[in-house]
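J.: Sequence:
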Amino acid sequence: MINLKAQCVEAHHMKKKKKKKKKKKKKKKKRKNEEITIQTTAKSFKIHTQERATAAVIAVHDITNITQLALSTAMQLFYAKILPILSYGLDITWTRLNYNDLKTMENVKARFLKSALGTSKYAPSRMAYELARELFLISFDILLVKLNQRARLPAR
Numbered sequence: 001m002i003n004l005k006a007q008c009v010e011a012h013h014m015k016k017k018k019k020k021k022k023k024k025k026k027k028k029k030k031r032k033n034e035e036i037t038i039q040t041t042a043k044s045f046k047i048h049t050q051e052r053a054t055a056a057v058i059a060v061h062d063i064t065n066i067t068q069l070a071l072s073t074a075m076q077l078f079y080a081k082i083l084p085i086l087s088y089g090l091d092i093t094w095t096r097l098n099y100n101d102l103k104t105m106e107n108v109k110a111r112f113l114k115s116a117l118g119t120s121k122y123a124p125s126r127m128a129y130e131l132a133r134e135l136f137l138i139s140f141d142i143l144l145v146k147l148n149q150r151a152r153l154p155a156r
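Numbering follows full-length UniProt numbering, in which position 131 of the sequence shown is assigned residue number 131; successive positions increment by one, without gaps.
Hints listed in this document are in silico derivations from the structure and should not be mistaken for laboratory results.
This structure is a prediction, so every number in the text was calculated from the model and none was measured.
All residues carry an ideal CB built from backbone N, CA and C; glycine is no exception.
Heads up, some of the hints might be wrong.
Below are the DSSO-like pairs computed for lysine-lysine, each with C-alpha atoms no more than 30 angstroms apart in a straight line [what the hints assert, rightly or not]:
1. Lys103 with Lys121
2. Lys46 with Lys103
3. Lys81 with Lys121
4. Lys121 with Lys46
5. Lys81 with Lys46
6. Lys103 with Lys81
Estimated spans, in silico, between C-beta atoms of each pair [claimed, not checked]:
7. Thr64 with Thr95: 31 to 39 angstroms
8. Arg96 with Leu69: 18 to 26 angstroms
9. Phe136 with Tyr88: 31 to 39 angstroms
10. Gln68 with Lys46: 30 to 38 angstroms
11. Glu51 with Ser125: 15 to 23 angstroms
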């Protein structure tokens, strides 16, 4: 009888230990999801640009019933909500961005326009710009200014 009681008490303690271990594992898993990106050189800001673009696309999908809004209202939302997310840190990284970084940023506006117009995400971006009668986010004038700034930078 006493031996049976001791076994029950032991089993109860073992269950408690297993639960504590599971809780610790869950805590460790949560910590794994937290990521910190550290770039060692300031020659490329690809990771930063991709993170900003991802955050901006998530913000686009947070807007509910975007197709029911007038296009002018949708564009006001873009400039008020999406563009600040996308352009965060741009004043610092501007001179070091390459063509692919600018293309990534441009794709965010194209995706926004496609969702605002209710077209497929596979539709040509140029079509979305034409339907919305919008200019590209990165215009040719801005690219010229960027190239001139890059030409003035000292060689490293």
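J.: Evaluate each hint against the coordinates.
T.: Results for each hint:
For the proposed pair Lys103 and Lys121, the alpha carbon gap of about 16 angstroms is at most 30 angstroms, so the pair holds. As the CA atoms of Lys46 and Lys103 are separated by approximately 11 angstroms, the hinted pair is consistent with the 30 angstroms bound. Restraint check for Lys81 and Lys121: satisfied, since their Cα atoms lie roughly 20 angstroms apart, inside the 30 angstroms limit. At most 30 angstroms may separate the alpha-carbon atoms for a hinted pair to count; Lys121 and Lys46 meet this at roughly 23 angstroms.
Between Lys81 and Lys46, the direct Cα distance comes to roughly 22 angstroms. Compliance with the 30 angstroms bound is thereby established for this hinted pair. A threshold of 30 angstroms between alpha carbons decides the hint, and for Lys103 with Lys81 the separation of about 20 angstroms falls inside it, so the pair holds. Restraint check, Thr64 to Thr95: a C-beta distance of roughly 38 angstroms satisfies the suggested window 31 to 39 angstroms. Range check, Arg96 to Leu69: Cβ separation about 36 angstroms, and the 18 to 26 angstroms hint is violated.
Separated by about 20 angstroms at the C-beta atoms, Phe136 and Tyr88 break the suggested range of 31 to 39 angstroms. Between Gln68 and Lys46 the Cβ separation comes to about 36 angstroms, which falls inside the hinted range of 30 to 38 angstroms. Evaluation of the 15 to 23 angstroms hint for Glu51 and Ser125 yields a pass: the beta carbon distance comes to about 21 angstroms.
Consistency with the previously given hints fails for numbers 8 and 9, ordered from lowest to highest.
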